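Asks: The primary structure of each chain is shown beneath.
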Amino acid sequence: MLTRSLVGTDEWPDAEIVALLDEADRIKRGDGASPALVGKVLAMVFLDPSLRTRTSFEVAMAREGGHAVVLEPGRGSWPLETRDGVVMDGDTVEHLREAARVLGRYADALAVRAFPKGASWAEAREDAVIRGFVAHAGVPVINLESARRHPCQGLADAMTLRERLGVTRGKRFVLAWAWHPNPLPTAVPASAALAAARLGREVVIARPPGYDLDPEDTGTIAETALRNGGKVRVEEDLDRAVEGADAVYAKSWGRLDLFGDPERETRSRAGLRGWIADARLMERTRGGRGLLLHCLPVRRGVEVTGEVLDGPFSAVVDQAENRLHVQRALLRRLLGGTP
Amino acid sequence: MLTRSLVGTDEWPDAEIVALLDEADRIKRGDGASPALVGKVLAMVFLDPSLRTRTSFEVAMAREGGHAVVLEPGRGSWPLETRDGVVMDGDTVEHLREAARVLGRYADALAVRAFPKGASWAEAREDAVIRGFVAHAGVPVINLESARRHPCQGLADAMTLRERLGVTRGKRFVLAWAWHPNPLPTAVPASAALAAARLGREVVIARPPGYDLDPEDTGTIAETALRNGGKVRVEEDLDRAVEGADAVYAKSWGRLDLFGDPERETRSRAGLRGWIADARLMERTRGGRGLLLHCLPVRRGVEVTGEVLDGPFSAVVDQAENRLHVQRALLRRLLGGTP
Amino acid sequence: MLTRSLVGTDEWPDAEIVALLDEADRIKRGDGASPALVGKVLAMVFLDPSLRTRTSFEVAMAREGGHAVVLEPGRGSWPLETRDGVVMDGDTVEHLREAARVLGRYADALAVRAFPKGASWAEAREDAVIRGFVAHAGVPVINLESARRHPCQGLADAMTLRERLGVTRGKRFVLAWAWHPNPLPTAVPASAALAAARLGREVVIARPPGYDLDPEDTGTIAETALRNGGKVRVEEDLDRAVEGADAVYAKSWGRLDLFGDPERETRSRAGLRGWIADARLMERTRGGRGLLLHCLPVRRGVEVTGEVLDGPFSAVVDQAENRLHVQRALLRRLLGGTP
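Those sequence lines, one after another, are chains E, F and R.
Be aware that the first sequence starts at 27, since it is given in our numbering, and climbs by one per residue.
Be aware that the second sequence starts at 27, since it is given in our numbering, and climbs by one per residue.
Be aware that the third sequence starts at 27, since it is given in our numbering, and climbs by one per residue.
Hints were generated in silico from the structure; no laboratory data involved.
Remember, predicted model here, so these are calculated numbers, not experimental data.
Here a beta-carbon is modelled for each residue, glycine too, at the ideal position from N, C-alpha and C.
Treat the hints with caution; some may be incorrect.
[To be verified] Here chain R is said to cover these stretches of chain F; the calculated rule only asks that three of the stretch's residues, wherever they fall, bring their Cβ under 8 angstroms from a Cβ of chain R:
| id | segment |
| --- | --- |
| 1 | 254–260 |
| 2 | 322–330 |
| 3 | 340–351 |
[Unchecked claim] Straight-line Cα separation of at most 25 angstroms, SDA-like style, residue types lysine to any residue; simulated pairs:
| id | chain 1 | residue 1 | chain 2 | residue 2 |
| --- | --- | --- | --- | --- |
| 4 | F | 197 | F | 260 |
| 5 | R | 54 | E | 65 |
| 6 | F | 143 | F | 362 |
| 7 | R | 197 | R | 262 |
| 8 | F | 54 | R | 162 |
| 9 | E | 197 | E | 48 |
| 10 | E | 257 | E | 44 |
| 11 | E | 197 | E | 343 |
| 12 | F | 54 | R | 290 |
| 13 | F | 143 | R | 115 |
| 14 | E | 197 | E | 65 |
| 15 | F | 54 | R | 143 |
| 16 | R | 143 | R | 42 |
| 17 | F | 54 | R | 165 |
| 18 | R | 143 | E | 339 |
| 19 | R | 143 | E | 116 |
| 20 | R | 143 | R | 205 |
| 21 | E | 54 | F | 197 |
| 22 | R | 54 | E | 54 |
| 23 | F | 54 | R | 197 |
| 24 | E | 257 | E | 192 |
| 25 | E | 143 | E | 284 |
| 26 | R | 54 | R | 115 |
| 27 | R | 54 | E | 64 |
[Said to hold, decoys possible] If you want the ones that stay clear, here's a sample from chain F, every Cβ over 12 angstroms from chain R, calculated:
| id | residue |
| --- | --- |
| 28 | 75 |
| 29 | 93 |
| 30 | 110 |
| 31 | 112 |
| 32 | 157 |
| 33 | 205 |
| 34 | 207 |
| 35 | 208 |
| 36 | 245 |
| 37 | 312 |
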């Protein structure tokens, strides 16, 4: 049997993702207790901080009868070397080869968070840390958000969309760029669009000029949509994009061509504070009852207004809750030998 | 059934507190194993650091067959927004509304520590963080020390007083202000005095002029004492206060009228280093055998001398141990459905 | 029954160490599940940071059905007072006496890491923190690396040597000093040499002039070797030392006579970058097939080359894995009442 890892849901067959979402639905309903993870250990490595991801995975393991070890080396800066052949007489104190191999001896699976870093997107997009862990761990590795993907968030997004809009194809899903004081990574929007595409939704990506996702990711989203009976289009006009939408996923992200230059990036978005999910915008959705999604944490009054977040069509807390259910299903699959 | 939380013991009926203390006594004796918490999860949020509280709760959940998730966001500074209607384009990255609601979906109960902060006591005393968690979590919330209360410490204090002095009413309990290099919060002394008052002790609060507790808290302590057959008086003379005392609870706290101005507060206590629980003072207690209490951590030679701490009438380690027992009883009540 | 602690393996009888290693072998083979630690709690105090030690102990407790509380007070700086009779009006906020006694009430055993600190080796070598915890905890205490010893690493080293070279006496073991940018503690090399000495190996300590271990430790290593049919010699020539060796343990450590003066220490090693375990050196071992050991983390290209670490005779990952097995055996002995 192959050791399987989850770096991005696009690397898994569609049928497996559907089976996993079905299992998550059963777990949420309280069906299907499983002894598969009793006594099992997941080791989580947070090279970047986390509250929701860490809590939901730790609870997932506890609910399944196992245990999660939470490693937060240096609270954001573990001087971990990823390059091959380097002489480590500088700041790095451990090579990923040893770290991954040793943790793989201690735990039944690893989970790793490593945000994009470095001076250029060309380098960051290679996702050396998560790829290195997959190569060396010898046990399944779960991506807890890398430069390119946040598959557990994408799975929770898909579960929420199925829950609220049904499993049938169609329905319009808008990924709506939002203003934010800082340039954020693109892993969440890419994973959310992939999730909607896999469900065969009509995906609209609304973003200001210059804010395109990585072209390879956009291509993967388009292929995924086509394969599943959906389609993708890109819009520059937010109002037009949400017209008749069934769901609006508000999310900020940074310009990839200005990656590594946060000051210039921040200046480039100076005029874009109008990109916000407020009541006026949500009125334009289908019947004014379009779902509001966000991965959290969300800045109230900045990305989404408090009125919309607290309103009847906000699904953000359900979305966060669903992290727990999809992750339990995922852990059963990767560690518990669920076929 | 109402979702119950514990912000302060004064918000619970006297009879429930007594039942909880009785259960804690049984747990300490090794009676009454309970399957009530098997598989349950407590999520603890430490906005301020902790060793004793965190360890005793984590052990409590483990001993009961459950699991405690320990969140220490930012090790003391989670930029959590508590105000309603604010535009979050500054330093806060998450609103308490989302944080509480999401954690309430993951765990069976939450526990929160948030020390008093801000420029004025008028603001800090509102305890916005713990009150916000109670309002939004949707599951029971336990206060791990807020601006006003530290109910788990108060319960351990009550258990220790019953253990050492008997459950009968009467007996003199002195809350004795002590010098300390820094102005400390008043939650512990207020909760200790409340604990003694509920047991119907004769409560004496000895403090220098200007060091009164919050007037509302003093009123609550007095009402609680009266209702339970005890009484409260305030003294400025430490020696006279401890005369014939059965128990002396040494504790430092800061002047509330200088809250937010630690430099001036520190100057105001410059002449008060004589306020220390030393052997000379303890000699004045009933038969020179008065109990010495302290919540720990304690500065030896500053609040209490090493001689007294290591002496035969020091109850500080028992007091700390009792945290574990009262918290197990509390968790069974809040999470396990113990009536 | 005496409360037993483990500060250094040299304080335990040889026969007990052998029994513990035998138990670790059984655990690694999957034999001998034990209910001894179900529901037990280990409290770990890291006054200095750790990834491997923390993870392997946390996993060990989880695999045995217990729970490990991981305390990392201040991430490396807990202002803990160790001196007796001091007036704590400075930076220390808690005395070790209270900390140890309270944790001993919460947990079934404690485990403590405290690296050497202070201006002089004469002071650091007293190991006040671990000795203080042993004196006051009232439950077994495990040393997770102090100034003088790292017994769990030493046990894993011994297990690996038995696994790879057999349990028979003889075989040549070289502790080979390596260059490193920083002066490191001597607990690991002392414990590794002790481990090899106890197995009756021929121990060679190769180090540059001035880099002798603490004379008392060197004496203990020599006595241990003699008692077990082995011997010890010290070499200044690395090439000659590894000639015909069965195992080379590469490890850097600092000059004890320059302890507390890291700048001068670093200058004193300026010319020593040739002290590295590379392919050329390993060729000189017995048949060019000598085992390469290291406690990890290792700086590739500095202490050991990547080629040697990734080669067929590197045992470093097995060595790290064996931490888990020896620690499970140790925990069963100390907490579980295994005779």
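Asks: Tell me the numbers of any earlier hints that the structure contravenes, in ascending order.
Replies: 1, 6, 12, 14, 15, 16, 18, 21, 22, 23, 26, 28, 29, 33, 34, 35
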